[in-house]
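Make a model of the complete structure from these sequences and hints.
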Amino acid sequence: MCCAGTTAAAISDFENTGALPKAKFFHSELINDHMVRIYGINNELMYLVEGSNSAALIDSGAGVGDLKSYVESITSKPVKVLLTHGHVDHIGGASRFENVYMNHDDAGVFAKHNSLETRRGYIHGTYRDAKNLKESDYSKQLDLKKIKDLSSYDSFNLGGVSLEFFDAKGHTPGELAVLLKEDRILIGGDSANQFTFLFDEFSLGLSSYEKSMTQLKKETDGKYDRYFVSHGSGEMSKDTIKNIINLCEEIKAGTTDNISHKFMGQQAYIAKEINKQYQRLDGIDGNIVFSKEKIND
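The sequence shown begins at 1 in my numbering and counts up one residue at a time.
Treat the hints with care, as some may be off.
[Said to hold, decoys possible] Have a look at the derived ranges for each label pair, beta carbon to beta carbon:
{"hint": "1", "residue 1": "Pro78", "residue 2": "Lys22", "range": "22 to 32 Å"}
{"hint": "2", "residue 1": "Ala23", "residue 2": "Lys292", "range": "35 to 45 Å"}
{"hint": "3", "residue 1": "His231", "residue 2": "Gln266", "range": "36 to 46 Å"}
{"hint": "4", "residue 1": "Ala253", "residue 2": "Ser69", "range": "45 to 55 Å"}
{"hint": "5", "residue 1": "Ser76", "residue 2": "His124", "range": "31 to 41 Å"}
{"hint": "6", "residue 1": "Glu250", "residue 2": "Ser73", "range": "37 to 47 Å"}
{"hint": "7", "residue 1": "Glu201", "residue 2": "Gly222", "range": "20 to 30 Å"}
{"hint": "8", "residue 1": "Ala23", "residue 2": "Glu98", "range": "14 to 24 Å"}
{"hint": "9", "residue 1": "Glu98", "residue 2": "Ile295", "range": "35 to 45 Å"}
{"hint": "10", "residue 1": "Gly222", "residue 2": "Glu98", "range": "28 to 38 Å"}
{"hint": "11", "residue 1": "Lys140", "residue 2": "Asp257", "range": "38 to 48 Å"}
{"hint": "12", "residue 1": "Lys218", "residue 2": "Lys134", "range": "46 to 56 Å"}
Simulated from the structure, these hints should not be mistaken for laboratory data. Quick caveat: nothing in here was measured; it's all calculated off a predicted structure. Virtual Cβ for every residue (Gly too), placed ideally from N, Cα, C.
In C-alpha cells form, the structure reads like this:
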C-alpha cells in the first residue's frame with residue numbers, strides 16, 4: 001500500500017518504518033504491502049485493501065473527520081466502500097464516497113443508525129472530547145438508495161487481491177464477513193468478537209445466531225489463517241468462531257458466568273467474565289453479550 005503518487009519502492013519504506021500518514025481523527029498501521037488497518041475517533045477499525053487496479057475500504061467508522069481525504073493520502077486507486085453491517089460506528093464515513101455497498105437486510109438498522117442525531121449521541125457518549133467537535137467534522141447522512149446491495153458469495157477482484165463475502169448474521173440481520181482469499185485473512189466485523197452484542201432490537205436470538213456461525217464456519221474452514229475484527233487490537237485467534245459456537249452451547253446449558261451488563265437502558269448478560277481490557281479471564285477468544293429472553297429464538 002503506498003501513498004498517492006509514490007513509487008513501489010515506498011512500499012518497503014512503509015514496511016520498515018511504519019511511515020503511514022496521520023490525521024486529526026485517524027491513524028493507521030500496515031498489515032502487509034497492500035493492506036492497512038485504519039483507526040477512527042473511538043478506535044473503531046477499518047481495513048483498506050489495495051489491488052493493482054482498485055482498492056476497497058471495509059467499513060467507514062463513526063463518521064467524524066474527512067475519511068475520504070485520509071484514504072486518498074494512502075492510495076491513489078479508485079476506492080469502493082464495503083460495509084460489514086449497518087451500525088453507526090461502521091457506516092458513519094461512507095457518505096464521503098461514491099461507491100458504497102451494504103447488505104440491504106440491514107436496511108432497518110441503517111435507517112436508525114444513519115441519522116446525524118444518532119451519530120452525535122454515539123460520539124458524545126463514547127468520545128471524551130466530543131464537545132470540542134465542530135459541525136463540519138461530522139460526515140453527512142447517506143441515502144440508502146445510493147447504497148448498492150451486497151450479499152453472501154458476492155466477490156470483488158481488485159487486481160491480484162480477491163474478496164469474497166459470507167453471511168454472518170446475528171449481531172445484525174445483514175452482517176457479512178469478508179475473506180481475503182490470497183492473504184488467507186477473514187474479517188468478521190462485529191459478527192464474532194471479544195464482546196459480541198447480541199441483545200438489541202435488531203439482533204438475532206442466540207439459537208439463530210449459533211446456526212449462522214456454524215454455517216459461516218463450514219463455509220470458511222481451511223480458507224484463512226488470520227481472523228480480524230472491527231474493535232480492540234483488530235486480530236483474534238483463528239478459532240474465535242469455533243469458540244463462539246461452543247459458547248452458545250454453554251449459554252443454553254446454563255453453565256456461563258452471566259455477568260450483568262446494562263447498555264443504553266438495555267439489560268444484557270456477558271457470558272464469560274472479563275477483565276478491564278474486555279478479555280475473558282479464562283484466556284479464550286470470543287465472548288457474547290446476550291439477552292436471556294432471546295436464548296431460544
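Inset, instruction - Determine whether the Cβ-Cβ distance between Pro78 and Lys22 falls within the hinted range of 22 to 32 Å. - result: holds, 24 Å
Inset, instruction - Check the following: the C-beta atoms of Lys218 and Lys134 are separated by a distance inside 46 to 56 Å. - result: holds, 48 Å
Legend entry - Status of the given 45 to 55 Å range, CB of Ser69 versus CB of Ala253: With Cβ atoms ~51 Å apart, the hint holds.
Legend entry - Distance restraint hint 38 to 48 Å, applied to the beta-carbon atoms of Lys140 and Asp257: holds, 43 Å
Legend entry - 28 to 38 Å as the expected CB spacing between Glu98 and Gly222, which holds or is violated: holds, 36 Å
Inset, instruction - With respect to the beta-carbon atoms only, verify the hint that Glu201 and Gly222 lie 20 to 30 Å apart. - result: violated, 36 Å
Inset, instruction - For the range 14 to 24 Å, tell me whether the beta carbons of Ala23 and Glu98 fit it or not. - result: holds, 21 Å
Inset, instruction - Determine whether the Cβ-Cβ distance between His231 and Gln266 falls within the hinted range of 36 to 46 Å. - result: Distance hint for His231, Gln266 is violated at roughly 19 Å.
Inset, instruction - Kindly confirm whether 31 to 41 Å is satisfied by the beta carbon distance between Ser76 and His124. - result: Roughly 35 Å apart at Cβ, these two residues keep to the hinted range, so it holds.
Inset, instruction - Could you check the hint for me, namely that Ala23 and Lys292 are 35 to 45 Å apart, CB to CB? - result: 43 Å Cβ-Cβ, so the 35 to 45 Å window holds.
Legend entry - Cβ separation of Glu250 and Ser73, checked against the hinted range 37 to 47 Å: The hinted range 37 to 47 Å holds for Glu250 and Ser73, with Cβ atoms some 45 Å apart.
Inset, instruction - Could you check the hint for me, namely that Glu98 and Ile295 are 35 to 45 Å apart, CB to CB? - result: The hinted range 35 to 45 Å holds for Glu98 and Ile295, with Cβ atoms some 43 Å apart.
Comparing the model with each numbered hint stated earlier shows that hints 3 and 7 do not hold.
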